[in-house]
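Go by the hints and put chain B onto chain A.
Residue numbers (my numbering), protein chains in the order written: chain A, 1 to 502; chain B, 1 to 502.
Worth double-checking, as some hints may not be accurate.
[Said to hold, decoys possible] Covered stretches of chain B (in silico footprint by chain A; criterion: 3 or more residues with CB under 8 Å from a CB of chain A, positions within the stretch not fixed): (1) 107–117; (2) 307–321.
[Unchecked claim] Pairwise CB distance ranges, derived in the manner of DEER restraints: (3) Arg9(B) to Ser33(A): 48 to 56 Å; (4) Gly228(A) to Arg102(B): 34 to 42 Å; (5) Arg102(B) to Ala300(A): 30 to 38 Å; (6) Arg239(A) to Arg396(B): 45 to 53 Å.
[As the list claims (entries may be wrong)] Taking beta-carbon pairs under 10 Å as the criterion, some of the chain B residues facing chain A (in silico): (7) Thr68; (8) Ala240; (9) Phe442; (10) Asp443; (11) Pro462; (12) Pro467; (13) Pro490.
Since the hints were made in silico from the structure, they are not lab data. In this text, a Cβ means the ideal position worked out from N, Cα and C, and glycines have one as well.
Number of protein chains: 2
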Amino acid sequence: MSTRARIPRSSSLRAVAEAARAARACFEHGAWSDGHLRGRALRAIGNTLDRSRDRILRVASRETGLWTNELTPEFDRMTGTLRLFAELASNDTWRRTAHSPRAGARSIGPDHDLRSTLIPLGPVAVFGASNFPLAYGVCGGDTASALAAGCPVIVKEHPAHPGTGRLLFRLARAALRRLGPEAGLSAPILAGLLQYLPNTDPARTEVAQALVSHPDVAAVGFTGSRGGGLALERLARARAVPIPVFAEMGSVNPVRITPRALRARGAAIGEALAASVLARAGQQCTKPGLVFLPPGDGGAALVEAMAHRFRAAASRRLLAPWIAEAFRSRTAEIRAMRGTGVVAEGQGVTAGRGDVREARPVLLEVPARHLRGPMLEEVFGPACLLVHLDGWDDPRLPRPSSLTWTIHAEAGDLHDRGRSLVTLTLRREVERASRVAGRVIFDGVPTGVRVCEAMVHGGPFPATNAPWSTAVGPRAIERWARPVSWQNAPAALGRRGRGRRA
Amino acid sequence: MSTRARIPRSSSLRAVAEAARAARACFEHGAWSDGHLRGRALRAIGNTLDRSRDRILRVASRETGLWTNELTPEFDRMTGTLRLFAELASNDTWRRTAHSPRAGARSIGPDHDLRSTLIPLGPVAVFGASNFPLAYGVCGGDTASALAAGCPVIVKEHPAHPGTGRLLFRLARAALRRLGPEAGLSAPILAGLLQYLPNTDPARTEVAQALVSHPDVAAVGFTGSRGGGLALERLARARAVPIPVFAEMGSVNPVRITPRALRARGAAIGEALAASVLARAGQQCTKPGLVFLPPGDGGAALVEAMAHRFRAAASRRLLAPWIAEAFRSRTAEIRAMRGTGVVAEGQGVTAGRGDVREARPVLLEVPARHLRGPMLEEVFGPACLLVHLDGWDDPRLPRPSSLTWTIHAEAGDLHDRGRSLVTLTLRREVERASRVAGRVIFDGVPTGVRVCEAMVHGGPFPATNAPWSTAVGPRAIERWARPVSWQNAPAALGRRGRGRRA
Numbered sequence: 001m002s003t004r005a006r007i008p009r010s011s012s013l014r015a016v017a018e019a020a021r022a023a024r025a026c027f028e029h030g031a032w033s034d035g036h037l038r039g040r041a042l043r044a045i046g047n048t049l050d051r052s053r054d055r056i057l058r059v060a061s062r063e064t065g066l067w068t069n070e071l072t073p074e075f076d077r078m079t080g081t082l083r084l085f086a087e088l089a090s091n092d093t094w095r096r097t098a099h100s101p102r103a104g105a106r107s108i109g110p111d112h113d114l115r116s117t118l119i120p121l122g123p124v125a126v127f128g129a130s131n132f133p134l135a136y137g138v139c140g141g142d143t144a145s146a147l148a149a150g151c152p153v154i155v156k157e158h159p160a161h162p163g164t165g166r167l168l169f170r171l172a173r174a175a176l177r178r179l180g181p182e183a184g185l186s187a188p189i190l191a192g193l194l195q196y197l198p199n200t201d202p203a204r205t206e207v208a209q210a211l212v213s214h215p216d217v218a219a220v221g222f223t224g225s226r227g228g229g230l231a232l233e234r235l236a237r238a239r240a241v242p243i244p245v246f247a248e249m250g251s252v253n254p255v256r257i258t259p260r261a262l263r264a265r266g267a268a269i270g271e272a273l274a275a276s277v278l279a280r281a282g283q284q285c286t287k288p289g290l291v292f293l294p295p296g297d298g299g300a301a302l303v304e305a306m307a308h309r310f311r312a313a314a315s316r317r318l319l320a321p322w323i324a325e326a327f328r329s330r331t332a333e334i335r336a337m338r339g340t341g342v343v344a345e346g347q348g349v350t351a352g353r354g355d356v357r358e359a360r361p362v363l364l365e366v367p368a369r370h371l372r373g374p375m376l377e378e379v380f381g382p383a384c385l386l387v388h389l390d391g392w393d394d395p396r397l398p399r400p401s402s403l404t405w406t407i408h409a410e411a412g413d414l415h416d417r418g419r420s421l422v423t424l425t426l427r428r429e430v431e432r433a434s435r436v437a438g439r440v441i442f443d444g445v446p447t448g449v450r451v452c453e454a455m456v457h458g459g460p461f462p463a464t465n466a467p468w469s470t471a472v473g474p475r476a477i478e479r480w481a482r483p484v485s486w487q488n489a490p491a492a493l494g495r496r497g498r499g500r501r502a
Numbered sequence: 001m002s003t004r005a006r007i008p009r010s011s012s013l014r015a016v017a018e019a020a021r022a023a024r025a026c027f028e029h030g031a032w033s034d035g036h037l038r039g040r041a042l043r044a045i046g047n048t049l050d051r052s053r054d055r056i057l058r059v060a061s062r063e064t065g066l067w068t069n070e071l072t073p074e075f076d077r078m079t080g081t082l083r084l085f086a087e088l089a090s091n092d093t094w095r096r097t098a099h100s101p102r103a104g105a106r107s108i109g110p111d112h113d114l115r116s117t118l119i120p121l122g123p124v125a126v127f128g129a130s131n132f133p134l135a136y137g138v139c140g141g142d143t144a145s146a147l148a149a150g151c152p153v154i155v156k157e158h159p160a161h162p163g164t165g166r167l168l169f170r171l172a173r174a175a176l177r178r179l180g181p182e183a184g185l186s187a188p189i190l191a192g193l194l195q196y197l198p199n200t201d202p203a204r205t206e207v208a209q210a211l212v213s214h215p216d217v218a219a220v221g222f223t224g225s226r227g228g229g230l231a232l233e234r235l236a237r238a239r240a241v242p243i244p245v246f247a248e249m250g251s252v253n254p255v256r257i258t259p260r261a262l263r264a265r266g267a268a269i270g271e272a273l274a275a276s277v278l279a280r281a282g283q284q285c286t287k288p289g290l291v292f293l294p295p296g297d298g299g300a301a302l303v304e305a306m307a308h309r310f311r312a313a314a315s316r317r318l319l320a321p322w323i324a325e326a327f328r329s330r331t332a333e334i335r336a337m338r339g340t341g342v343v344a345e346g347q348g349v350t351a352g353r354g355d356v357r358e359a360r361p362v363l364l365e366v367p368a369r370h371l372r373g374p375m376l377e378e379v380f381g382p383a384c385l386l387v388h389l390d391g392w393d394d395p396r397l398p399r400p401s402s403l404t405w406t407i408h409a410e411a412g413d414l415h416d417r418g419r420s421l422v423t424l425t426l427r428r429e430v431e432r433a434s435r436v437a438g439r440v441i442f443d444g445v446p447t448g449v450r451v452c453e454a455m456v457h458g459g460p461f462p463a464t465n466a467p468w469s470t471a472v473g474p475r476a477i478e479r480w481a482r483p484v485s486w487q488n489a490p491a492a493l494g495r496r497g498r499g500r501r502a
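Here chain A stands alone, though its shape is the one from the complex (with noise of 0.2 Å):
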């Protein structure tokens, strides 16, 4: 790609603070403040990778491994996320602006009259997630959702995929800039709304770790393992001035059947766990990595149904290479753990084609008994572990924290008062899911993140560092945002209590 040789492999110290000084600079600017100058923005990023649709798709599934029949709804999935947010920064239902006038006695305190909206922190540094190189890559959810709050963002490429974030980043630059002046976006605007940092060494943190310290930046977005997590908040609190950081950091995402259902429709939950654990080879956040089965009817009609997908699944590339390194080692660390199986395998590496990105799904079984802590921790990539109970209620069931939790039932488990095995009733099942989880499923599988104002992507600790906020969704919006209140403002100066557009 010509844009490997105009840009450099990874951003110097004062590349860093450029950049963060050039996206301080737009945010007091203030022309980026015009809410329909956002929209207008955001629609035409959208609309201008909408037309390299197909190329985009060609890079990045070379590039990634994932298939393009992977890559097209994460496509859709981008786009459309784009244009939510377009419409969200055109107007101000977003601000949770509220009113509250002179309320005379019923007044508790003085009888001042407030008006409150929420307004952007300013620069946000965005760290793509590896796995979603669309969805959540240079123009993905974090991206948009800090631009409609009206911030500038600045993204530190991901060395997973470096030039599909280039060549996504230059889609996006020419499309600002060819909305350009007469828009509203003057060159100091440009040169600081949407800034991109090369950093194809994955060992070379410092460009991170400049960014997340530099003073001009205000939030962080990250989306990776939790070690890398963590340490960006270290970073960002340790400051001068602290600031948040919003990481998402990886997931169990375990599966609970009752009985009932396990014996109603065994097979097809068990194939319909096997696809979405398969499915982009295994490397989604919400990916099934531990199933839960009792025992009874239907257990074995859908470990089998499992294993024969697993048997025909085809060794695959992952991500990069330090991804699969990882894979390996996590799932030959299981493996050597006492009273663990393996209940299918894939397709072998082909002879001669050796990769150190393939890897072969694996299918492990364990007995409740001997769970132990790794086990309980994210597998990345084509890995599935499932937990043979002693009975629904087998005491051993442990609850990790985790984005989502799937609970298959039947319409009778609902009613069910100790007239079976499922002694606890669906209702307390649900609660306590609820309590770890950020997503409850029932009868599906957790992959799969719809768009939309109900949805929850995040979750308690280890899923994300802020379980009070989502990735995904319109909400998503708020994390770049906070309220500041006007006391007795005088009329004239607007109501920017009642959704005045700022």
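Here is chain B on its own, set in the frame of chain A:
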């Protein structure tokens, strides 16, 4: 007080662990998830406190040195806040429930039905304020909002007012006990719902550390010093499972006055500012600590009005010996700095009545060119620093982040473009103030916080560590909750996304 005999001076670490476990057991029990019960309990506490109003005021005044006429509005704010959160707890409007029904072709991503709501985090540790023993004490804002959200509360005693704290706790616990099992408050719930950890020795920080580090504690509310707040945050984030800390850490609350406003009502503004500084002996987080004066008519009248009030003010006992000591040390530090001068001092400490808690009000001044870092930090107590600007637009004007920013202006300022000293329009000034403060006050004083929906009591660091949250008003409840989403939930499970009572 008889309670002193029954309650130890400082809790043992075992007592901390027992409190955390009891709070967790109460949370897991589930009865407290009944919104009606929560509403009844909060109302019962409010009513019980009302019945002991005079006694509470007497005990608090004697212990804190705050006057009864200062504590009375605070008392009403405390009970008003309890009733506000009782009302919120009884319905689900605060949960931000959302329903995204299937949308067919318009769905971005898989077309699932999703319902989201806020759920409580779990047991909350509350570290109340030294300066608001009622409104931010045992039954204050953090406690009321956490209980309303469904979180059991453990209050760590504030060593500045253990007598008031223990009295409030005893009354609140009695109110809950009177509701009793027939209301749904069985013994295990009562044991864990609201607890109090004695800790009279401010040097004994192990109680706080053990509480914040205990795995059964899910969140922390803190009001106090920056050092204390940041230490708690560090502890909370270094846990195996990090938890959120909401720390309000003091503020300088700058005041800006346009030349036009100074001319029109300099003396009146000075009167109001002096009253605001001197109330509660300057021990308010929203006390105006920095007043920026442009040159011009009216300035002398403002200074003289303030000086007159300060000279007439008597020395007062501050909240605690260590607070008076810090006040003396901070004012001495600023007085010793180059360019500062004393405009006025209050009445000296009465001979023979020397009290380590007594402090003398002081009004200081400095030209903008001599402003230094320590002058931009809060001085907790009856002090205020007047800063003489070279002009409204003085480039030396600092913009320290703060809970509040106050602007005095006249109607003419808003449309005053290039025709006077005010070359920056008021609109621009308001935008700048909004960037560094949680609340912008027009033509008033920052002290006096109304409890209402549009209130933002919070702000950028160092005013708080969590600028996305407010400590006052109904939205404070959200800090104790996180969102969860249900995907394709069977209808029989209840309509969580539509205001189901949880």
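Evaluated hints:
Counting residues of the region 107–117 of chain B whose CB lies closer than 8 Å to any CB of chain A gives 9, so the stated coverage by that chain holds, three being the minimum. Requiring three or more residues with a Cβ within less than 8 Å of a Cβ of chain A, the coverage given for the region 307–321 of chain B is violated, as only 0 such residues are present. Range check, Arg9(B) to Ser33(A): about 54 Å between beta-carbon atoms, so the 48 to 56 Å window is met. Under the hint 34 to 42 Å, the C-beta atoms of Gly228(A) and Arg102(B), about 36 Å apart, fit the expected range.
Between Arg102(B) and Ala300(A), the C-beta spacing of about 34 Å keeps the proposed range 30 to 38 Å intact. About 25 Å separates the C-beta atoms of Arg239(A) and Arg396(B), a value inconsistent with the hinted range of 45 to 53 Å. Restraint check, Thr68(B) versus chain A: the minimum CB separation of about 18 Å is more than 10 Å; hint violated. The criterion of a C-beta within 10 Å of any C-beta in chain A is met by Ala240(B), whose closest approach is roughly 9 Å, and the hint holds.
Hint status for Phe442(B): holds, given a least beta-carbon distance of 5 Å to chain A, under 10 Å. This hint holds: Asp443(B) has a C-beta 6 Å from the nearest C-beta of chain A, less than the 10 Å allowed. Restraint check, Pro462(B) versus chain A: the minimum CB separation of about 8 Å is within 10 Å; hint holds. With its C-beta approaching chain A no nearer than about 4 Å, Pro467(B) sits inside the 10 Å limit, and its interface hint holds.
Here the hint on Pro490(B) is kept, as its CB sits about 6 Å from the closest CB of chain A, short of 10 Å.
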